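Chemist: Heads up: the protein sequence lines correspond to chains A and B, in order. Heads up, the first sequence is in the numbering used here, so the first residue is 2 and it goes up one at a time. Heads up, the second sequence is in the numbering used here, so the first residue is 29 and it goes up one at a time.
Keep in mind the hints are simulated off the structure, nothing from the lab. Just so you know, these numbers come straight off a predicted model, no measurement behind them. You may find that some hints are simply not true.
Simulated restraints on C-beta separations [stated by the list, open to error]:
id, chain 1, residue 1, chain 2, residue 2, range
1, A, Glu10, B, Gly114, 42 to 48 Å
2, B, Gly114, A, Lys93, 52 to 58 Å
3, B, Ile70, A, Leu92, 43 to 49 Å
Built from N, CA and C at the ideal position, the CB exists for glycine as well.
Chain by chain, the residues:
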Amino acid sequence: MATPLSLKELSKKEILFTPGHRMCAGCGAPIIVKMVLLAADYPVIASNATGCLEVSTCISDYTAWKIPWIHSAFENAAATISGVETMYRSLKKQGKINDEIKFISFGGDGGTYDIGFQSLSGAMERGHDMLYICYDNGAYMNTGIQRSSATPFGADTTTCPAGDVIPGKMQQRKDLTKIMAAHNIPYAAQASPSHWGDLMKKVRKALEIKGPKFMNVIAPCNRGWRSKTDDAITLSRLAVETCCWPLYEIENGNTKITFKPREKKPLVDFLKPQGRFKHLFTPENEWLLKEAQEQVDKNWERLLAEEACFAPKETKEKASKEQ
Amino acid sequence: MKLKGWKEVEPGAVIKEPGSAMKFKTGSWRSLKPRWIPENCINCLLCWIYCPDMAVKVKDGKREDFDYDYCKGCGICALECPGKKGKKAIVMEEEAK
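If we strip away everything but chain A, and leave its shape as in the complex, we get (with noise of 0.2 Å):
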């Protein structure tokens, strides 16, 4: 039996993700993982990406995980673990294994939307029996905060550096969730820590489906995003809430926005408490805010349309009969 998705029931449960790792104080990451171990109902073997979570959390002779987890390199993280669910499908054809294990794959934005990008769109499309979890941190924090293709547009990094050549990053973000469920996988979501239902929900729901399963999970980073350090939910609730990271899974090619907010918040909302932008917030640079908030309500404005073509037949029914 499932344990129910209430905070008093799941407190009951071991997080088999212990403290006295060294992330940084006020991290998203470690959230992230604590939450996705909790929802995770079956024995979890795990492969992670190099980056911030790998780093921080098998320090030399300390690890802070409590199930079999395994690093190997920065770009290999998908490849690891579909070999390790190839090997344990061979020991149950032998019978040799009986237990259903789940296997589940974290990575950074680097190591997810860049390096480890080959490794995991060849694992998506062989079709292992797997969940990737990418933590996005929207930058390299790990080493310095450097730009990747999940920085977003406008951000001020290390190796983009608003200043008075350019204002930050020129070039818009990697779709990736889109770009994994280009894959035809069966399902591909993306979740933010702030809401922690939704989140363990579709952790939830991508174990039960058996295929490759992808999540995007927006990871606030206070070192990189120069932010302080107690605004991690606060953030990602507000990336959700300006719809700039909406929350929505595609499963079997059907898209749906699992939380649609009352009212759009205009992107400032989520810019301004942000160091990464206060760039942005010159006279000279206002027309980089309004091309951020019109990219943002395009591809609102795309989900949106993607979902209605893609809902069920009855609920488009009864949209044209209530037009």
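Starting from the structure of chain A, add chain B where the hints point.
Modeler: Okay, now just chain B, sitting in the frame of chain A:
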């Protein structure tokens, strides 16, 4: 703690003790300290789920005090705490010198 020499380390850097990071107390990183005020607590456990350091102790679904051995003092719990009637159940205070 004495660091292990290369002869004592497991081949392949395997760590055989799950959760051994517990031996490393991160509480000394803290500059701000959260204080729990039980009379304002509604036991919503949001502090527990949002704590990045598993430093909120809960027993049988009931909130208990902080685990100051590991709390890094980020303040997420205090910010997210809904409190009772506008009164926060967690406040951040300067760590005593």
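Chemist: The structure should be examined with respect to each hint, and the outcome stated for every one.
Modeler: Taking the hints in turn, this is what the structure says about them:
Distance hint check: the CB atoms of Glu10 of chain A and Gly114 of chain B are about 28 Å apart, inconsistent with the given range 42 to 48 Å. Look at Gly114 of chain B against Lys93 of chain A: about 55 Å separates their beta carbons, and that is inside 52 to 58 Å. In this structure the supplied range 43 to 49 Å holds for Ile70 of chain B paired with Leu92 of chain A, their Cβ-Cβ distance being about 48 Å.
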